[in-house]
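Engineer: Once you have looked at the hints, place chain B on chain A.
Chains as they are written, first to last, in the working numbering: chain A, 1 to 398; chain B, 1 to 167.
Hints were generated in silico from the structure; no laboratory data involved. Please note that the accuracy of each hint is not assured.
Claimed, not checked - Derived EDC-like pairs: lysine to aspartate or glutamate, alpha-carbon spacing no greater than 16 angstroms straight-line:
#, chain 1, residue 1, chain 2, residue 2
1, A, Lys340, B, Glu103
2, A, Lys163, A, Glu285
3, A, Lys315, B, Glu28
4, A, Lys315, A, Glu145
5, A, Lys315, B, Glu73
6, A, Lys247, A, Glu269
7, A, Lys247, A, Glu276
8, A, Lys315, B, Asp33
9, B, Lys150, A, Glu323
10, A, Lys163, A, Glu182
Said to hold, decoys possible - Just so you have them, the derived chain A footprint on chain B, three or more residues with Cβ under 8 angstroms:
#, region
11, 12–22
12, 77–86
For glycine and all other residues, C-beta sits at the position ideal for the given N, C-alpha and C.
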Amino acid sequence: MEPRVEAERFTIPMGPQHPALKEPGHFRITVDGEIVTGASVRLGYAHRGLEKAAEARNWIRNQYLFERVCGICSHIHATAYCLGVERLAGVEVPPRAQAIRVLVAELERIHSHLLWLGVAGHEAGFDTLFMYSWRDREAIMDVLEGLTGNRVNYSANVLGGVKCEVDDAQRDAILAALDILEKRTEHYLQVVTSDALFLQRTRGIGVMSRRQAEVLGAVGPTARASGVPRDVRVEAPYAAYDLFPVKLVLDDRGDLEARVVVRMRELLECYRLVREILDHLPPGELRGKMPRRVPEGETVSRVEAPRGELFYFLKSNGSDTPERVHVRTPTVVNLTSVIKLVVGHQLADVPMILAGIDPCFSCNDRLIDVDRNGHASESWTWEQLRSYGVERYHGNRP
Amino acid sequence: MPSPDEVMTIVTQLAESWSWKMETRRSEPNRIDVVLPALKDLLPFVTGLRVQRLGYLSTITGLDPGVESGQLELLYHFSPGPALITLRLRVPREGARVPSLSEIIPSAESAEREVREMFGVEFDGLRNPDRLYLPDDWPAAVFPQRKDYKPNGRPAAGASGPSGAQG
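In isolation and in its complexed conformation, chain A is listed as follows (with noise of 0.2 angstroms):
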């Protein structure tokens, strides 16, 4: 046998389109034949300039900006936000507020699950089981839109507690919901641990041991499918996390089969809480007296987003917006994961690991304004912007 010389080593790009899901991102992989040697990966194709914005808008206005860092978790984002902002003004949230935030936050990691599973059967080749879920799925969103008027951006927050009240209807409306979810999530489960082609692309691939997990700071599901009990709600319950606490599903297999489980048995998990908080909400008001200025001072809000721990950084110089704002989302991490483990696998399972961390670019991409050939950059005011907007979607209407 000739040995191998590194001029038949290739480098792979995949993305910016579509590395795995309808979100930009670009792989470099080297490639031996069809094994990965290496990989690094470029973000930004969605960067849009939040945490700069921010500085310019005041504590009201960026609650707003911050629920629209991400489409899927936009709920998270807020209640991040709004908790740091109101430890920094020294507002108590009432705490039937609170029981509605994390209501809200049980039913969007519900929305957020369920899509993923969707996307990972997508990855797999099984596409029954994305039409399926994504069908599924639509119980949820509707429950969502009745509850906050919108399926997605639902801005149940204010700052000092929540928009959205809880009635009756609309407690029944989400317990059939629950119910039809429940008994299909239980199918599901069982079809992602007995299919056979299914069980071919993830069982045994992508196998992150815990100390790896440990060592690879990896958040969320995918830690939690390697056996690190890391969990925000748990570890330090925010909101009304203290009254109503989650048991952390945890799976020391390691692999995308453990990380599909884990987050099909923490969907059984959000049924069961989402009836406990609807049977137990507090009473009382929606939400607290807010100030328009915030006082000086810094304060870190870590929460629990479906894709695992949501670090904000929030520094006030006593005005009506903040010194600095720093998001720091679950997927970037999870990603120095995927870099690591993609080597020594086939080239065809790297879009399958990559869906494993159900990765959201959106989330990591903040901060950009429009710069063209290098030269003066290119920014509109809301007027202009607006008009883009209404010009295109009704100027050509007949």
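Structural biologist: Relative to chain A, chain B alone:
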């Protein structure tokens, strides 16, 4: 998982037993700030936290205290369980070189790449110092998260960044 009070005690003892004075303050009930007096304290202190199993790095926050200070500040946030440890490190605004943590904490790499391109702090020992978020044609030496960068693409007049870099 140790309670916040236990973490505070361990970190305070670690800082007190340091060769020179190291300031600590309890900034929030569950959070302790450690002000690192010098660059060379960073790696030994982080290693100390790792040995005590308190070394889960959440992220690194860059702060710009203003052009007149001539400095930038890095906040290393460690969050073992419910407690938070923030190491605060002041570096010069221009030409700062900080040792990279990526050898001992692999996930530090993405945080350091972010601070590098957004604030202009170099990290020694970063294996992949490539840009993470900014586009390829972003001008060199323009650091968008600094306070003297104005979002219309140009640093404010009299900014300390190298001139002529804004195209």
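Engineer: Does each hint fit the structure? Answer for all of them.
Structural biologist: Comparing the hints with the structure gives:
{"no.": "1", "hint": "Lys340(A) / Glu103(B)", "result": "holds, 14 angstroms"}
{"no.": "2", "hint": "Lys163(A) / Glu285(A)", "result": "holds, 11 angstroms"}
{"no.": "3", "hint": "Lys315(A) / Glu28(B)", "result": "holds, 13 angstroms"}
{"no.": "4", "hint": "Lys315(A) / Glu145(A)", "result": "violated, 33 angstroms"}
{"no.": "5", "hint": "Lys315(A) / Glu73(B)", "result": "holds, 13 angstroms"}
{"no.": "6", "hint": "Lys247(A) / Glu269(A)", "result": "holds, 7 angstroms"}
{"no.": "7", "hint": "Lys247(A) / Glu276(A)", "result": "holds, 13 angstroms"}
{"no.": "8", "hint": "Lys315(A) / Asp33(B)", "result": "holds, 14 angstroms"}
{"no.": "9", "hint": "Lys150(B) / Glu323(A)", "result": "holds, 14 angstroms"}
{"no.": "10", "hint": "Lys163(A) / Glu182(A)", "result": "violated, 28 angstroms"}
{"no.": "11", "hint": "12–22", "result": "violated (count 0)"}
{"no.": "12", "hint": "77–86", "result": "holds (count 6)"}
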